[in-house]
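Given the sequences, and given the hints that come with them, work out the whole structure.
Position one of the sequence shown corresponds to residue 1 (our numbering), numbered consecutively onward.
Keep in mind the hints are simulated off the structure, nothing from the lab.
Every value quoted in this text rests on a predicted model; they were computed, and no experiment measured them.
From the three backbone atoms N, C-alpha and C, an ideal C-beta is built for every residue, glycine too.
Treat the hints loosely; a few may be bogus.
Said to hold, decoys possible - Straight line, CA to CA, 20 angstroms or less: simulated EDC-like cross-link-like pairs of lysine to aspartate or glutamate: (1) K117 to E169; (2) K212 to D199; (3) K170 to D147; (4) K42 to D252; (5) K198 to E179; (6) K198 to D216; (7) K42 to E243.
As the list claims (entries may be wrong) - With beta-carbon atoms standing in for the labels, derived distance ranges: (8) P188 to R248: 36 to 46 angstroms; (9) E132 to S89: 40 to 50 angstroms; (10) P188 to T115: 15 to 25 angstroms; (11) P220 to Q126: 18 to 28 angstroms; (12) Q126 to E47: 44 to 54 angstroms; (13) P56 to G203: 18 to 28 angstroms; (14) S148 to G203: 18 to 28 angstroms; (15) T85 to R156: 20 to 30 angstroms.
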Amino acid sequence: MSLTFLGAAMAVAISTVPAFSQSTLEVVGTGDGIDVLRSLGKAFSAENKSVFIDVPPSIGSGGGIAAVGSGKSVLGRVARELTQTEVASGLIYRPVAILPSAIFVNPNAGVTSLTTKQLANVFTGQITNWKEVGGADLRIRVVRREDSDSTLIVLRASMPEWKDLTITEKSKMAMTTQEATSSVREVPGAIGWGPFSKDLETGLTILKIDGKYPTDNGYPSSATLALIYNKATVTSAAKTFVEFCETRKARDIIARLGSVPVQR
1 MSLTFLGAAM AVAISTVPAF SQSTLEVVGT GDGIDVLRSL GKAFSAENKS VFIDVPPSIG
61 SGGGIAAVGS GKSVLGRVAR ELTQTEVASG LIYRPVAILP SAIFVNPNAG VTSLTTKQLA
121 NVFTGQITNW KEVGGADLRI RVVRREDSDS TLIVLRASMP EWKDLTITEK SKMAMTTQEA
181 TSSVREVPGA IGWGPFSKDL ETGLTILKID GKYPTDNGYP SSATLALIYN KATVTSAAKT
241 FVEFCETRKA RDIIARLGSV PVQR
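See below:
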């Protein structure tokens, strides 16, 4: 082998070696606020290039709690408060953002605002066509989540009409927030709910409730997005990311996405 060839080969080999090693920190759990955490993760990694923040698709708040509690994951994301039992097990709860709940429809429904009473009647199946509330002559197709869904829990707690509401049996079950939004975007006449984010405004109509948009003062329903970790297993990278999510820069990102940063 010639010295020239050997030198070229060594140069190629050296050029392919990464300048630094990057570890991955996975944040598992709820689909609520997933765009918020992905944006925070991107900003964090821009400042801390040795850590990549991975925010995978939803496994639900309960899934995140189980993963962190069992030690399978270091950091989780939830849209509900921890129970006393979960706190006693060593889990730490760090709120990040207030996420307004959103009711959204396929744009061809032809409505932009409903009252809380009209919404209740839509989801119970008492109103079955959008023309009954001033919209298009189109059948209403309800997309719902499971009873343990964090946004549904917030809707029930914040609006009296929803407290004991029985959702129509003629509805489609979505297992994640992402599945619910995709279904409503794709199905004519569909309506669903989830945490508000600016991304929802693409391909969906976000309804005003009693004249209030999710970002308006006085909007009737919201949930809290929080990070969780086990104090016995948390890593320095995870704690650094949690602390970053409480900085002024992080609060600005949260506000820009249409959520409300938690003030400390």
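Each hint, compared with the structure:
1. K117 to E169: holds (19 angstroms)
2. K212 to D199: holds (19 angstroms)
3. K170 to D147: holds (16 angstroms)
4. K42 to D252: Within the cut-off at roughly 14 angstroms; holds.
5. K198 to E179: holds (17 angstroms)
6. K198 to D216: Since the Cα atoms of K198 and D216 sit roughly 14 angstroms apart, the hinted pair holds (cutoff 20 angstroms).
7. K42 to E243: Satisfied, since the Cα-Cα distance of roughly 15 angstroms is no more than 20 angstroms.
8. P188 to R248: 36 to 46 angstroms: About 44 angstroms separates the Cβ atoms of P188 and R248, which means 36 to 46 angstroms holds.
9. E132 to S89: 40 to 50 angstroms: holds (49 angstroms)
10. P188 to T115: 15 to 25 angstroms: holds (23 angstroms)
11. P220 to Q126: 18 to 28 angstroms: holds (20 angstroms)
12. Q126 to E47: 44 to 54 angstroms: holds (52 angstroms)
13. P56 to G203: 18 to 28 angstroms: Between P56 and G203, where Cβ atoms are some 23 angstroms apart, the hint holds.
14. S148 to G203: 18 to 28 angstroms: holds (27 angstroms)
15. T85 to R156: 20 to 30 angstroms: Holds, since T85 and R156 (Cβ atoms, about 22 angstroms apart) stay within the stated range.
Checked against the numbered hints above, the structure breaks none of them.
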